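These protein sequence lines map, in sequence, to chains R and C. For what it's worth, this note's numbering labels the leading residue of the first sequence as 1, then goes sequentially. For what it's worth, this note's numbering labels the leading residue of the second sequence as 1, then goes sequentially.
Just so you know, the hints here were simulated from the structure itself, not pulled from any lab data. Remember, it's a predicted structure, so these values are computed and weren't measured experimentally. Some hints here could point you the wrong way.
As the list claims (entries may be wrong) - Here are a few chain R residues that face chain C, going by a calculated C-beta distance under 10 angstroms:
1. Val13
2. Ala16
3. Glu17
4. Glu19
5. Cys41
6. Val76
7. Glu77
8. Gln89
9. Phe92
10. Glu94
11. Pro105
12. Ala113
13. Gln116
14. Trp128
15. Tyr149
For glycine and all other residues, C-beta sits at the position ideal for the given N, C-alpha and C.
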Amino acid sequence: MGHRISVTINGTVHEAEVESRLLLVHFLREVLGLTGTHIGCDTTNCGACTVLLQGRAVKSCTVLAVQADGREVMTVEGLARNGQLHPVQEGFFEKHGLQCGFCTPGMMMSAYALLQQNPNPSEGEIRWGISGNLCRCTGYVNIVEAVKYAAEKMRATPAAAELERS
Amino acid sequence: MVISHALGARIKRREDPRLITGRAIYVDDLNFAGMVHVAIVRSPHAHATIRSIDTTAARRAPGVVAVWTGEDVKARCGPLPVGPRIKEMKAPKRFPLVIDGVVRHVGDPVAAVVATTMDAARDASDLVEVDYEPLPSVQDPEAALEPGAPILHQDLGTNVCFRMTYGGGNVEEAFAGADVVVKTRIVQQRLIPAAMETRGVVAQYKGGELTVWTSTQIPHVVKTTLAETVRLPEHEIHVIAPEVGGGFGSKLDVYGEEGLVAALALALGRPVKWIESRRENFIATIHGRGQIDYVELAAHHDGTVAGLRVRAIADLGAYSQLLTPGVPTNTGLMCCGCYRIPNAHAEVIGVFTNRTPTDAYRGAGRPEATFLIERAMDLLAAELKMDPVEVRRKNFIPPAAFPYKTPTGAVYDSGNYERALDKALERADYRALRDEQAKLRKQGRYLGIGIATYVEITGLGAVAGLSGGNWESATVRVEPTGKVTVLTGTSPHGQGEETTFAQIVSDRLGVPVEDVVVLHGDTRAVPHGVGTFGSRTTPVGGSAVYVAAEKVKDKAVQIAAHLLEAAPADISTDGARFTVRGSPERSVEFKDVARMAYKAYKLPAGMEPGLDVTHFFVPKERVFPFGTHLCVVEVDPDTGEVTFRRYIAVDDCGNILNPLLVAGQIHGGIVQGLAQAIYEGVTYDDEGQLLTGTFAEYVVPQATDVPAFELDHTVTPSPHNPLGAKGVGEAGTIGATPAVVNAILDALAPFGVKDLQMPITPRRVWEALEGNSASR
């Protein structure tokens, strides 16, 4: 049985007819072709599929597409604007916060959500903030550094950063 | 250390921009018109006979295109590779689906359902009715050796796949004449590699060419093997490893699904996709470790080691995969560690059990070797009441002894083990730590200091199970505009060689790093290759790039000399420009030399056009990175919880091409090694059901579970390759497990606890202390 849904993704409204059981992550990947969001498990443990739903980090493998109806979703594809990397992306690039890159989109979305709530997190708060996201490559050391870098950059130029992006 | 403007520099990764913007393409991101999806029906039994398979209902389900069983595979597919041929090895044939009517582990593939959507395929796979007759199974490798144990492969008549011995000297005499002997039995628990991307295969047969996209570390090996498996001429097969989301050895294999999906694409004439679920990944992708080691170390009162005896029983699981026997044999080869042990004997027995097959997982036999010798050295230190540092120092192979041949047959290229140890001790302020430990013990707090000094083996090449010798290929192609394309036969999947190999070329040719693009993982683009594993990518693959670039440079100099009407010996270059020495006005730009190499009307007599060199680098010998890891923990005796205080790693991987990337490799490596010590472990029940079947039960560490690390290096270049590099992909893992375990057991020494089974969970610590509560 189909449901007509309308979801705003990275600022663009998408309408589609979806099956009841379709997961948000499959809606993003299969229906819309937004393959930057990855699937790393089937038990909501790994966090590779993390996106923002109404500004909150959610694991999109545990959200039905119909639950996103009428709401706003932000994915990794929405981080950079006008060819300008977001400070979170810049941090991962500068600090070697990724290796194979598979967990990275979800990891960055969790970091983004954390920094929205806590612009100046301690190392412990960063580790806690990304603890729902598994990374098998980096040992997390440089991810923590990347988030610190992003936090500093966002605090230094909050207005400028937002202006550039708008 | 910066070796040149490009080599040794901290250069950000060139692969990152596509990965941080969601533009990278992994296998599951591929979609083609008309593509169909595969779900695999897997055995729920550890050992059973298939009485019958009824696919009627599945075939009728909505969207189903085909259902295959072993019969279909038997008609269409040849066998899969079953490991390097080692002496008197008995290995059963493997096929993409079970074809002989017997399943041998939970997860053994029985049938494949193909449908128009993934959901339809999975729904229909539930409708395949398989009637099994369960057989007695054997889970424990020691039990599998017992007479009367269930035999997995009746035609082999035994569960023993192979027996190998390593050693030299006179071990019996050494033990008879020793003052002390320490013994231990170590269970190297199975681990799940758990790359964040599971495996996946897409295949398409179009225009007389079979293209297979697969999440692999060895695309060229897959191509050669597929030719036999799907019976197609090799030059009609194109294998692509697109973006690969981690491997750690688990994608260093040729899996049945690669052949199955390819065969389906050929038979159905449609693109076919299979993406492994995480649950499948835990039962159908190889596991690592899985070894029981009996270790005996004989020594004199002063701490000098006289002899070592090892009996390693390797749990191979149900089948021999591509390199399965090569893993425990590494343990036999490397069990003497950093020490001059004149008399050593290691017996390695590979045994089939009704479990998921084991194969190479980060370290692949060297972590087991390092762990056993490093635990034994600590036991010896405790027995002799010596400092673990002093026992190690006393037995180190001295710097002057290199190249050094161990009694087990390894020839260590270079090393200075004491220098790395000293650096770690100095950084840790070891004496102060021991003082603090003594002080805290009086307060009822238990600090532990663990040391592991390791040596490992890298630059492993293509053993017999793979397609060739111990080589790697590289092409350095200067385009007519002076830009450079590098083709490497390695297949990096997170290691960053698109950056480091560009650095090598930049260093040799003088062109900016930005002018170099490194291509890999595509068998049509890269003519030949072996792959990325065993920390070989830089020492072997990087050396191939280095030599190819040198040859390009030689040719460019000859062309420049000809254009400038000078002798090649008189040409100097800064990369951008070739100049006649002493006549700065007589010069030609690099890009003009490149252009002229292809215009080809003014080349030296007899020279072929082009500026393009392919080199197969064959290392003279394998290389041996080493180092010291020092871990400081505090153990809470009431809860058994382990808290990390400090972790210091001093690694020597020879010359460092990019310190940023080396640090990343070590960080990640340490976490995987540390995880074996205290978090990760595969658990099966007596029936062979995997109890740690998801990330909820199998504890891959989260960010909150691990500390930050203090890294340092010593640099002892390898004499065996032009880069002087040794490889660093596995060192962290190899050093970490014994460092952490030695630290925990050092903390628990006052309680008389000498050994604990990994993973050393709070419960295991707590139980050990309860058992020893009298001594508290």
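- Task: Could you tell me which of the numbered hints above are not met by this structure, giving the numbers in increasing order?
- Result: 1, 2, 3, 12, 13 and 15
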